[in-house]
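So that you can map any letter, position 32 of the sequence shown is 1287 in our numbering, and since no number is skipped, the others follow by simple counting.
No lab work stands behind these hints: they were computed from the structure. All values reported here derive from a predicted model rather than from experimental measurement. Do not rely on the hints blindly, as some may be mistaken.
Stated by the list, open to error - Listed next, with one range per pair, are the computed distances between beta-carbon atoms: (1) TRP1363 with VAL1282: 18 to 28 angstroms; (2) VAL1357 with ASN1332: 15 to 25 angstroms; (3) LYS1364 with LYS1320: 22 to 32 angstroms; (4) VAL1323 with ALA1290: 27 to 37 angstroms; (5) LYS1364 with ASN1286: 20 to 30 angstroms; (6) SER1359 with TYR1281: 32 to 42 angstroms; (7) LYS1364 with THR1306: 28 to 38 angstroms; (8) ASN1286 with THR1346: 20 to 30 angstroms; (9) LYS1320 with LYS1348: 17 to 27 angstroms; (10) GLY1333 with ILE1299: 19 to 29 angstroms; (11) ASN1286 with LYS1320: 25 to 35 angstroms; (12) GLU1284 with LYS1364: 35 to 45 angstroms.
From the three backbone atoms N, C-alpha and C, an ideal C-beta is built for every residue, glycine too.
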Amino acid sequence: MKKLLVAAALIGVVSFASAQEKKNVYVKEGNLIKATLFHDNGQISQKGYYTEEGKLQGEWISYDKDGVKTAAANYENGEKTGKWFFWNDDTLKEVDYSQSQVTSVNTWKIEGERVVSNE
1256 MKKLLVAAAL
1266 IGVVSFASAQ
1276 EKKNVYVKEG
1286 NLIKATLFHD
1296 NGQISQKGYY
1306 TEEGKLQGEW
1316 ISYDKDGVKT
1326 AAANYENGEK
1336 TGKWFFWNDD
1346 TLKEVDYSQS
1356 QVTSVNTWKI
1366 EGERVVSNE
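Using the sequences and the hints given, assemble the complete structure.
Have a look at this one:
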């Protein structure tokens, strides 16, 4: 009986552990590969696209371990481009890129008040 209880407990632990851990998912869509990456707790960590050559392409979104969006980024053939957004507690940071170079940075409090600008 004792062995049966230990075996049942082990099966429960293994089942719980495998249910919590998700493997990253890659799906080919045309000439791009859609990637969904996961945190150890099963929440989505990042999602976006790669080219067939392995370069980041288009919009990439990042999330914290609780599933809250922390960043939105844009890539063109592996280069940082366009507007990137970073959320952190009560602050929103907007970073503009051109050819992987920072062209401007603005920071706001979430209430809408502009805090810092380099323009």
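### Query
For the pair ASN1286 and THR1346, does the Cβ-Cβ distance stay inside 20 to 30 angstroms?
violated (37 angstroms)
### Task
Note whether the CB distance of LYS1320 and LYS1348 lies within 17 to 27 angstroms or breaks it.
holds (20 angstroms)
### Message
The hint says 19 to 29 angstroms between GLY1333 and ILE1299; measuring C-beta to C-beta, is that right?
### Response
holds (22 angstroms)
### Query
Is the hinted range of 27 to 37 angstroms satisfied by the C-beta distance from VAL1323 to ALA1290?
About 20 angstroms separates the Cβ atoms of VAL1323 and ALA1290, which means 27 to 37 angstroms is violated.
### Message
Given a hint of 15 to 25 angstroms, does the C-beta separation of VAL1357 and ASN1332 actually sit inside it?
### Response
Distance hint for VAL1357, ASN1332 holds at roughly 18 angstroms.
### Task
Look at the Cβ atoms of LYS1364 and THR1306 and judge whether their distance stays inside 28 to 38 angstroms.
Check passed, 37 angstroms falls within 28 to 38 angstroms.
### Query
Does the Cβ pair LYS1364, ASN1286 satisfy 20 to 30 angstroms?
violated (41 angstroms)
### Query
Is the hinted range of 35 to 45 angstroms satisfied by the C-beta distance from GLU1284 to LYS1364?
Once the Cβ atoms are compared, 38 angstroms apart, the range 35 to 45 angstroms for LYS1364 and GLU1284 holds.
### Message
Holds or violated: the 22 to 32 angstroms window for the beta-carbon distance between LYS1364 and LYS1320?
### Response
holds (24 angstroms)
### Message
Quick check on a hinted range of 18 to 28 angstroms for TRP1363 and VAL1282, using CB atoms only.
### Response
Violated, at about 35 angstroms.
#### Entry: Distance restraint hint 32 to 42 angstroms, applied to the beta-carbon atoms of SER1359 and TYR1281
holds (34 angstroms)
### Task
Given the hint of 25 to 35 angstroms, check if ASN1286 and LYS1320 actually sit that far apart at their C-beta atoms.
holds (32 angstroms)
In this structure, the earlier hints numbered 1, 4, 5, 8 are contradicted, and the remaining ones agree with it.
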